[in-house]
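J.: Input sequences plus hints: build the corresponding full structure.
Read top to bottom, the protein sequences are chains X and H. Going by full-length UniProt numbering, the first sequence opens with residue 1, and the numbers climb by one from there. Going by full-length UniProt numbering, the second sequence opens with residue 1, and the numbers climb by one from there.
Wrong hints could be hidden among the right ones.
Since the list gives no way to pick out one identical chain from another, each pair is judged satisfied if it fits inside one copy or across any two copies.
[To be verified] In the SDA-like style, the derived pairs of lysine to any residue whose C-alpha atoms are separated by at most 25 Å in a straight line are:
#  : residue 1 : residue 2
1  : K239      : R150
2  : K385      : I312
3  : K404      : A15
4  : K365      : Q322
5  : K239      : S151
6  : K239      : R201
7  : K239      : A372
8  : K385      : L295
9  : K239      : A179
10 : K239      : Q309
These are computed hints drawn from the structure, not numbers from a lab.
Protein chains: 2
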Amino acid sequence: MPPDTASWPTARLCAFVADLDFEQIPPRVVDVAKGLMIDWLGSALAGKGARQVEIIEGFARAMGPADGPSTVIPTRRRTSPYFAAMVNAAASHAVEQDDVHNGSVFHPATVIFPPVLAVAEAEAKTGREMLTACIAGYEVGIRVGEFLGRSHYETFHTTGTVGAVAAAAAVGKLIGLDASGLNHALGSAGTQAAGLWEFLRDAADSKQLHTARAAANGLFAACLARDGFRGAARILEGKKGMAAGMSHDADPTRLTDGLGSRWATEETSFKWHASCRHTHPAADALQRLMRSEGLGPEDVATVVTHVHQGAIDVLGAVDIPQTVHQAKFSMGTVLGLIAVHGVADLDAFERHALADAGVARFRSKVRMALDAEVDALYPRRWVGKVSITTVDGRQLEARVDEPKGDPGNTLARQELEAKAVRLAEFGGAATAEEMRACMSRIWSLDQPGSPADLFANAGGGRGPPPSGGREHAVGDQRVHGRGETRLGRG
Amino acid sequence: MPPDTASWPTARLCAFVADLDFEQIPPRVVDVAKGLMIDWLGSALAGKGARQVEIIEGFARAMGPADGPSTVIPTRRRTSPYFAAMVNAAASHAVEQDDVHNGSVFHPATVIFPPVLAVAEAEAKTGREMLTACIAGYEVGIRVGEFLGRSHYETFHTTGTVGAVAAAAAVGKLIGLDASGLNHALGSAGTQAAGLWEFLRDAADSKQLHTARAAANGLFAACLARDGFRGAARILEGKKGMAAGMSHDADPTRLTDGLGSRWATEETSFKWHASCRHTHPAADALQRLMRSEGLGPEDVATVVTHVHQGAIDVLGAVDIPQTVHQAKFSMGTVLGLIAVHGVADLDAFERHALADAGVARFRSKVRMALDAEVDALYPRRWVGKVSITTVDGRQLEARVDEPKGDPGNTLARQELEAKAVRLAEFGGAATAEEMRACMSRIWSLDQPGSPADLFANAGGGRGPPPSGGREHAVGDQRVHGRGETRLGRG
Chain X
1 MPPDTASWPT ARLCAFVADL DFEQIPPRVV DVAKGLMIDW LGSALAGKGA
51 RQVEIIEGFA RAMGPADGPS TVIPTRRRTS PYFAAMVNAA ASHAVEQDDV
101 HNGSVFHPAT VIFPPVLAVA EAEAKTGREM LTACIAGYEV GIRVGEFLGR
151 SHYETFHTTG TVGAVAAAAA VGKLIGLDAS GLNHALGSAG TQAAGLWEFL
201 RDAADSKQLH TARAAANGLF AACLARDGFR GAARILEGKK GMAAGMSHDA
251 DPTRLTDGLG SRWATEETSF KWHASCRHTH PAADALQRLM RSEGLGPEDV
301 ATVVTHVHQG AIDVLGAVDI PQTVHQAKFS MGTVLGLIAV HGVADLDAFE
351 RHALADAGVA RFRSKVRMAL DAEVDALYPR RWVGKVSITT VDGRQLEARV
401 DEPKGDPGNT LARQELEAKA VRLAEFGGAA TAEEMRACMS RIWSLDQPGS
451 PADLFANAGG GRGPPPSGGR EHAVGDQRVH GRGETRLGRG
Chain H
1 MPPDTASWPT ARLCAFVADL DFEQIPPRVV DVAKGLMIDW LGSALAGKGA
51 RQVEIIEGFA RAMGPADGPS TVIPTRRRTS PYFAAMVNAA ASHAVEQDDV
101 HNGSVFHPAT VIFPPVLAVA EAEAKTGREM LTACIAGYEV GIRVGEFLGR
151 SHYETFHTTG TVGAVAAAAA VGKLIGLDAS GLNHALGSAG TQAAGLWEFL
201 RDAADSKQLH TARAAANGLF AACLARDGFR GAARILEGKK GMAAGMSHDA
251 DPTRLTDGLG SRWATEETSF KWHASCRHTH PAADALQRLM RSEGLGPEDV
301 ATVVTHVHQG AIDVLGAVDI PQTVHQAKFS MGTVLGLIAV HGVADLDAFE
351 RHALADAGVA RFRSKVRMAL DAEVDALYPR RWVGKVSITT VDGRQLEARV
401 DEPKGDPGNT LARQELEAKA VRLAEFGGAA TAEEMRACMS RIWSLDQPGS
451 PADLFANAGG GRGPPPSGGR EHAVGDQRVH GRGETRLGRG
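T.: Following this line, the structure appears as C-alpha cells:
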C-alpha cells in the first residue's frame, strides 16, 4: 500500500476503534450507552408480532439452524448469531421508537446492538467488551452518516447503508480485530451497503428489511475479515467508494471529527413519540402551543409546520396513511394524535391513527412548508416551528429548539425505564418484571466481570423457551454453554 | 395504487415474467440457456479451493444448518437453499470464466443459476421449470442492467446490484409468484442492491462477495414476497429508486425493450479467456495480428489497445498485479499471456501471470488509449483494436468486431463442453466423467418430466459426500427426499 495509508480517514477511524479501551471512555458516555441499550431492548421486544418481523423470522427458521447460541429477542428462541442479528434488527425498528442521532440522521441502536449481542452471547464476551463494541459502532456509524451528508439521505435510508458499516465496526471491535482487520471489515460492509427510500410511497416493508440486512451484513463482514477476507481499504472516501456512488456532498473531515474527544454516542436522541423523528419537533411545538393557549382540536383551523427539506422528502410521500407504520410518517396524523389524544405513543397509534374521525379531521388541517432557518440548522439541530390559525381568527406560533429526547432535553431515567417497560409489554414479549430484571442487568454491565447476558433471569434464557418455540438439537451446532462456539471457521 | 400502475415499466416486466410459459420460449433460446448452464456449472466447480470461496463457505458452515436440501457445488455438501445459493454464487465468479451480456455489462449466470438450482432442489421442481426461471432471470437482469446505463457501471458493479433483482425474478418465477408478488420481490431485492468498484484498486475480495450477496438477497426477497412481505412497486424507475440513487443516464424504455420478441438470453457471451471481459477484444485482436504477422513477443516494442472508457475505469486501477485474480484485470498481463504463451486460460494465469519474466516484460509494453469509435459502440458491441510497433519499426494494426464467445462468434458445442470440463477439473471439484454426466443431464433438462437435478449420477448426490464433508442430522431440518422442505414459513 502507498506510504500515506495510515492518514486516510477510513484508516484513522479503524485505528481509533482498534485502540479504543473501555477505561478511556468517560463514565457519562458509558451511562448514556447503557440507557440507549435499555431503550433499544424495549424496541426489540416491541417488534414481537409485527408482520414484517414474523416473515423475516420465518425465513430465518427455514434457512438457519434450529438452535444456537444467540437469542431471537421477540420469541426468545435461539439460533446462529447471523440470524439472531437479522431478526432482532428487524424487530428493533418495527415500532419506530428506537433512537436517532440528529446530525447523521441515523438510527444507531437497531443496527448495532443486535449483532453485538448475538456475537457476545456466542463468544462469551463481558459486559464491558459489549459496551465498548457498541460505543465503537456508534462513534463510527454517526461519523459515516455525517460524512455522507444530506444528499445521501435524499435517496438512501442512511440506517440501512451506514448501518452495515457501523455493525461491522462494532462486531469487529467485539471479536478483537486490529486496525487492518477492521479496515477489511469496513470494506466488505461498505460494498454491501444498501437501502432506498422508494418503499415509503407504497407503505412497503423495506425499512425493517434494511435494518435486518445492515446488522447481518455488518456481522458477516466482520467475521469474513477475521478469516482473512479482504475488503477495499477506502470504501468510504475512495474514488469508487460509498461517497462516490451515493452522495454528492460528502465531507471526509467528518469521518475523523473529534475522535477520542468528541463522543458522538452521547449526542444520540431518544424518541419519545412513536413516529418518524422528522415529525417530533413540530409535534412538541404544537403540544406546547395548544397547552399554553388552552386549545382543543376543534379550536384549530389550520396548522403550518415549518420544516427542513428532509422532512418534506420523507413525509411528503404519505397523504392518507393506509397502515399504522405509514401513519408514523404522516405529519398530519402525528399532530392529530397530539391534538386529539395528547400523546402519539404506541397505543395511540394502534388505536387512533387510522380510523379516528377527530384525528383524520385534524390531519386535513396540517400542511408542511419549507423553512429556511430550520433547513439551515438541520441536521445539526432539529427545530420545531408551527403556526396555528384558530377558528376565531388568531395567529399563534410556537418554537421548540430541542425536541423531547434530544441530549439537551433528554429523558429522565424514570421516563426512559417507563418507556422501555411499555415497549416490552406492548406485544407481550416480556412482562414488566422481566424487563426490570433486564434493565437491572444492563445498568450493571460495566461492573468488572459482568457477563454480556441480558436475559439470564428474565425468562427464556438457557431453559426451555417461554412460549411456542420449537427447539431441536442440531448435530454439531448444539451449544452446551457459553464460549463453545466460535464464529467463522476454526 | 394509482390507475396507471400496470403501465409502469417495473409492473410490465413483472407481468412478462408471471406470464412466461416454457412453450413460448423459442427452442434456440432454450438451447442457449442449457449451454449457459453448462458453462456456469464449470465455473461453479472451478471455484473450489479459492480462498474467498472457502471463507464464505466457512461462514455458511458456522451460521447455517449443517444439512439441508441444497447442494454446495464445490464441496457437494448440503445445506439450506439460502447458503447454497450464497456459496455457489461466490464460487461461480471466482475464476472469471462465467458468462457476460455485453449491452448490460452484467454477468448473469453467477447470480441466477445458484439461487434457482438451490430452490429447485429444495422444492422438487422440474427441469423445464428451472430453465424457464433462469431465462426469466436473464431477461429481467439484462434489461435492468441496460436501463441503469453506463453511469451506473462507473461506480457500481452491475452484477452485484442488478444481480439481486435478477435472482429475485428468477426465484420468484420458480416458486410461482404472480405479477404482484414478483413486483414485491423486485422491490425487496432492489432495495438491497449493492456493490462498489472500490475494491479493485486493492485486489480485495469483494467481487465474489457481491455475487454471493446478490444471489442470496434475491432468493431472500422472493421468499419474503411469497409470505406477504411488501416491496416498493417502482424500485427501478421510481423517484427514490435504484436509478435515482445509482445512475444519471437511466433509460426506462430499456426495461421493457422487446419483451416477448427479443430474447436477451441468447445475446449472452461465453468468456473464452480467463480474465475480465474488458480485456478480451484487445486480446483477440492481438492474437490475430501476431499470428498473421508471425510475430513473437520479443518482436513487439509497444502495444496500444484502443478501448472504451469502461475498460479504463475497470482495468486502470491495476498497475502490476499482486494476485492471480488481480492479474485478470490487468490488460498488460492478459496480452502478455497471449503473446508469450498463446493462451490466457486458467492454467496460464495460475502458472504465468505473476512470476513469468516474459509476461512481465510484455506487460510493460502495453498501454490503453480511449478510442472514440470503440467507446461509441460500447456496450452494444465490444470492439477490439490494437496497434503494434515492432522492434524493427513497423506499425501494425488489427481489429476484432466480435470477440470469441460473442453470439456472432460463439463457441462450438465441443469448445463449450471442453471448457466446462477443464473448469470442473481445475480445482479437483469433479472428474471429467462426472462433468460429462452433469452435461448430459443439462442437455436433457427440457425433456418432459426431467427433474431439476444436476448431480444425481455425478458423485456426491444423495449419498455420502465425495471428500471431506462433515454431514450431520439436523433435527427437523433433515431432508429425506426431495420436496419435503418448503422455503419460507408454512
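J.: Now tell me if each hint is right for this structure.
T.: Going down the list of hints, with the structure as the test:
| no. | hint | in the structure |
| --- | --- | --- |
| 1 | K239 - R150 | both (19 Å within a copy, 16 Å between copies) |
| 2 | K385 - I312 | within (14 Å within a copy, 51 Å between copies) |
| 3 | K404 - A15 | neither (35 Å within a copy, 48 Å between copies) |
| 4 | K365 - Q322 | within (18 Å within a copy, 65 Å between copies) |
| 5 | K239 - S151 | both (17 Å within a copy, 14 Å between copies) |
| 6 | K239 - R201 | between (32 Å within a copy, 10 Å between copies) |
| 7 | K239 - A372 | between (33 Å within a copy, 24 Å between copies) |
| 8 | K385 - L295 | within (17 Å within a copy, 78 Å between copies) |
| 9 | K239 - A179 | within (22 Å within a copy, 39 Å between copies) |
| 10 | K239 - Q309 | between (28 Å within a copy, 16 Å between copies) |
Of the hints listed earlier, the one the structure fails to meet is number 3.
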